[in-house]
Amino acid sequence: MNTLSNPGDFSPQADPWQELRALTEARIALGRTGGSVTTAEVLDFRMAHAAARDAVLTPFDPGALAREIHTLGAPTLPVTSAALTRAHYLQRPDQGRRLSAASRAALTDFALVQPPVDLVIIVADGLSTQALRQVRPLLAVLWPALQEAGWSVAPVVIASQGRVALQDEIGEILRARLSLMLLGERPGLDSADSLGAYFTWAPRVGRTDAERNCLSNIRAAGLPPAAAAARLMDLLTRARRLEISGTALKDETPAPVLPSTQE
Amino acid sequence: MIYRTSTGRHGYRFPDLATLLAKASPARSGDDLAGLSAANAAERAAAQVCLADVPLTQFLEEPLIPPEKDEVSRLILEQHQPAAFQAVAGLTVGQFRDWLLRYETDGPVLARLAPGLTPEMAAAVSKLMRQQDLILVASKVRKITRFRNTLGGPGTLAVRLQPNHPADDPRGIAASIVDGLMYGCGDAVIGINPATDSPASYHELAGLMDRLIQEYRIPTQSCVLAHVTTALRAMEEGAPVDLVFQSIAGTEAANSSFGISLALLKEARDAALSLGRVPAGGQVMYFETGQGSCLSAGAHHGIDQQTLEARAYAVAREFDPLLVNTVVGFIGPEYLFDGKQIIRAGLEDHFCGKLLGLPMGCDVCYTNHAEADQDDMDSLLTLLGTAGCNFIMGVPGAADVMLGYQSTSFHDSHYLRQLLGLRPAPEFAAWLETMGIMQDGLRLLPAPEGHALVAPQLAALAAGGVELQPLPA
Numbered sequence: 001m002n003t004l005s006n007p008g009d010f011s012p013q014a015d016p017w018q019e020l021r022a023l024t025e026a027r028i029a030l031g032r033t034g035g036s037v038t039t040a041e042v043l044d045f046r047m048a049h050a051a052a053r054d055a056v057l058t059p060f061d062p063g064a065l066a067r068e069i070h071t072l073g074a075p076t077l078p079v080t081s082a083a084l085t086r087a088h089y090l091q092r093p094d095q096g097r098r099l100s101a102a103s104r105a106a107l108t109d110f111a112l113v114q115p116p117v118d119l120v121i122i123v124a125d126g127l128s129t130q131a132l133r134q135v136r137p138l139l140a141v142l143w144p145a146l147q148e149a150g151w152s153v154a155p156v157v158i159a160s161q162g163r164v165a166l167q168d169e170i171g172e173i174l175r176a177r178l179s180l181m182l183l184g185e186r187p188g189l190d191s192a193d194s195l196g197a198y199f200t201w202a203p204r205v206g207r208t209d210a211e212r213n214c215l216s217n218i219r220a221a222g223l224p225p226a227a228a229a230a231r232l233m234d235l236l237t238r239a240r241r242l243e244i245s246g247t248a249l250k251d252e253t254p255a256p257v258l259p260s261t262q263e
Numbered sequence: 001m002i003y004r005t006s007t008g009r010h011g012y013r014f015p016d017l018a019t020l021l022a023k024a025s026p027a028r029s030g031d032d033l034a035g036l037s038a039a040n041a042a043e044r045a046a047a048q049v050c051l052a053d054v055p056l057t058q059f060l061e062e063p064l065i066p067p068e069k070d071e072v073s074r075l076i077l078e079q080h081q082p083a084a085f086q087a088v089a090g091l092t093v094g095q096f097r098d099w100l101l102r103y104e105t106d107g108p109v110l111a112r113l114a115p116g117l118t119p120e121m122a123a124a125v126s127k128l129m130r131q132q133d134l135i136l137v138a139s140k141v142r143k144i145t146r147f148r149n150t151l152g153g154p155g156t157l158a159v160r161l162q163p164n165h166p167a168d169d170p171r172g173i174a175a176s177i178v179d180g181l182m183y184g185c186g187d188a189v190i191g192i193n194p195a196t197d198s199p200a201s202y203h204e205l206a207g208l209m210d211r212l213i214q215e216y217r218i219p220t221q222s223c224v225l226a227h228v229t230t231a232l233r234a235m236e237e238g239a240p241v242d243l244v245f246q247s248i249a250g251t252e253a254a255n256s257s258f259g260i261s262l263a264l265l266k267e268a269r270d271a272a273l274s275l276g277r278v279p280a281g282g283q284v285m286y287f288e289t290g291q292g293s294c295l296s297a298g299a300h301h302g303i304d305q306q307t308l309e310a311r312a313y314a315v316a317r318e319f320d321p322l323l324v325n326t327v328v329g330f331i332g333p334e335y336l337f338d339g340k341q342i343i344r345a346g347l348e349d350h351f352c353g354k355l356l357g358l359p360m361g362c363d364v365c366y367t368n369h370a371e372a373d374q375d376d377m378d379s380l381l382t383l384l385g386t387a388g389c390n391f392i393m394g395v396p397g398a399a400d401v402m403l404g405y406q407s408t409s410f411h412d413s414h415y416l417r418q419l420l421g422l423r424p425a426p427e428f429a430a431w432l433e434t435m436g437i438m439q440d441g442l443r444l445l446p447a448p449e450g451h452a453l454v455a456p457q458l459a460a461l462a463a464g465g466v467e468l469q470p471l472p473a
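Same order as they appear, the protein sequences are chains A and B.
Under the numbering used here, the first residue of the first sequence carries the number 1, and numbering increases by one thereafter.
Under the numbering used here, the first residue of the second sequence carries the number 1, and numbering increases by one thereafter.
For the record, the hints were derived by calculation from the structure and aren't laboratory data.
Computed from a predicted model, the values in this text were never measured in an experiment.
Please note: incorrect hints may appear among the correct ones.
What the hints assert, rightly or not - Here are some of the chain A residues that sit facing chain B, going by a computed Cβ distance under 10 Å:
1) Arg21
2) Ala26
3) Phe45
4) Ala48
5) Leu127
6) Pro144
7) Gln147
8) Glu211
Said to hold, decoys possible - Across the chosen pairs, the derived CB separations fall in these ranges:
9) Ala452(B) to Arg46(A): 49 to 59 Å
10) Arg130(B) to Arg104(A): 26 to 36 Å
11) Asp209(A) to Thr386(B): 35 to 45 Å
All C-beta atoms, glycine included, are put in the ideal place defined by N, C-alpha and C.
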């Protein structure tokens with residue numbers, strides 16, 4: 001154990017319970033200098049916070065994401081929400097839940113020449129563009145599974161500055177029986193790339209969060225994307241069969257109920 | 001009633017008290033989101049000028065929500081004690097600010113006044129106050145509460161130990177609890193936010209904390225921050241419940257969206273008291289609040305978020321809580337955009353709560369999508385320390401791995417203790433001394449290998465595998 005008995009020794013006080021760190025991701029046994037955090041911990045925290053901030057503020061590149069999705073053989077449709085800047089998006093959640101006028105018109109035109117579908121998948125930046133790295137591995141499992149099971153699926157809609165409820169308007173316009181929104185969750189300090197998945201039976205504007213189901217913490221260190229895809233396939237299949245989503249469906253699902261980090 | 005003022009070239013008109021209060025509120029994103037805020041800085045200043053001339057009695061005559069439509073409004077009117085109000089009954093809001101800042105207006109005077117004030121009066125005067133006013137007046141008020149220790153005494157600062165784990169893993173939670181106790185934290189409460197709001201999980205976590213508190217004779221109390229109905233069921237089933245937790249808000253509709261009512265809170269408090277775990281005269285409720293919750297629930301009735309927050313304190317004081325915690329920056333930037341707004345809101349909440357007679361603490365916190373960082377939290381923490389805040393959060397390394405936000409750390413409490421000479425609750429400070437953890441309530445002692453709190457944990461970990469016990473049973 002370090003002590004400061006030697007006046008030339010400025011080593012921080014280590015905590016003799018380091019091993020307990022194996023039990024939790026929480027930042028325990030950090031040690032101290034005086035009663036304060038050590039330089040190493042101050043810098044480690046800054047690194048983590050910087051990653052989380054960058055996850056929120058890094059501009060979304062919908063074109064790059066579309067190209068990734070095209071490699072799976074899935075077509076895409078770009079839209080934007082009514083929140084046109086990042087600052088606007090962060091302060092006006094209501095605008096992130098609605099399409100821009102231009103996107104609404106474009107999607108409505110598209111729906112005129114498109115039959116109703118079983119499902120529309122929407123991918124949105126949400127609060128972490130870094131989370132979108134989970135999208136391709138997730139769709140690499142989910143997209144072929146849907147094709148094999150005979151689902152009719154709309155092109156993947158790629159939405160900029162989108163919130164969860166944007167799936168309602170998109171699903172309604174495209175006459176989808178189910179909408180599935182994949183979007184970046186509010187980043188935690190040590191989980192900046194966490195993706196959330198929310199799906200809604202009979203999407204239409206005004207649905208509440210109680211009418212949706214959610215899988216959260218989709219990332220390598222949480223619920224891995226391929227495993228999330230399998231869970232989603234199962235849940236979506238049951239939702240389509242029972243024609244329901246939300247709390248009624250969740251009761252039958254053994255998935256843990258995690259607090260929503262993105263409304 | 002219509003409120004008017006003019007500033008030379010411009011005349012301003014505010015159709016009712018709710019509008020006037022909203023337009024007089026210091027800027028914040030939540031009021032913008034609700035479409036309630038002043039159109040510009042001049043209108044905000046004019047509204048403050050106008051508000052300063054409103055007699056305090058007007059708040060009794062013009063309820064912001066019709067009482068017949070809202071049980072919180074009825075409660076506010078029922079709580080109002082005219083005799084206590086008499087001291088300030090002849091004052092306007094502006095005069096009230098001056099009165100609060102007088103040398104003669106000391107702690108006992110403010111304590112006698114509290115039952116005479118309505119939340120709207122507190123909110124109104126806060127809108128005219130600068131941050132130094134909010135700090136100075138709040139610092140005059142001490143609110144002391146008791147369970148297994150005495151919280152809120154002069155020269156003290158308590159810490160809620162918040163050992164959350166994303167999967168409610170008892171071993172992970174126990175590790176964070178031990179860490180916090182070894183850092184001298186946990187006198188306000190050891191309080192776990194469960195990841196799953198289920199009776200089974202409630203039982204397990206309450207049992208874990210109860211065993212720990214008994215084994216080491218820790219003069220503190222525990223709480224599982226589950227829904228009040230979960231606590232009620234757990235109490236019926238015999239769980240060792242010290243404090244009952246609930247999030248509360250300032251309108252009946254918002255509380256309904258939380259699945260609660262005043263009657264339900266009363267039932268829960270009665271149940272907790274009947275367990276006989278709290279000494280006579282002690283408190284058993286732990287409430288959390290935060291600006292923006294009513295708007296978030298679509299239940300704001302056109303009232304600004306700071307006034308609604310103060311109304312939540314009327315709900316809190318009805319149930320004589322041990323702790324009231326404003327979780328100021330948790331809600332996100334759509335309600336409090338940046339560090340400046342979070343700091344102002346934290347000081348307003350602490351002030352209004354103290355003025356209304358509550359044992360106020362603050363979760364000094366922010367989310368990663370807010371324009372804020374640890375420097376902002378240091379500022380608010382320091383200001384609240386000088387304002388006499390009863391308690392703060394202690395989260396390992398300031399990062400909550402379950403709720404995904406940043407709060408204050410165990411280390412942060414030692415910063416404030418050193419800076420301002422603030423000690424833990426006296427009973428807890430004595431226990432820390434006995435355990436060789438802290439000296440004089442101000443300085444951490446070197447932790448020896450094999451400390452009594454740590455050794456069983458490490459031994460269990462070394463034994464390995466599923467046999468690991470969370471804590472000595």
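Item to check | Hint check against the structure, violated hint numbers in rising order | outcome: 6, 7, 8, 9 and 10
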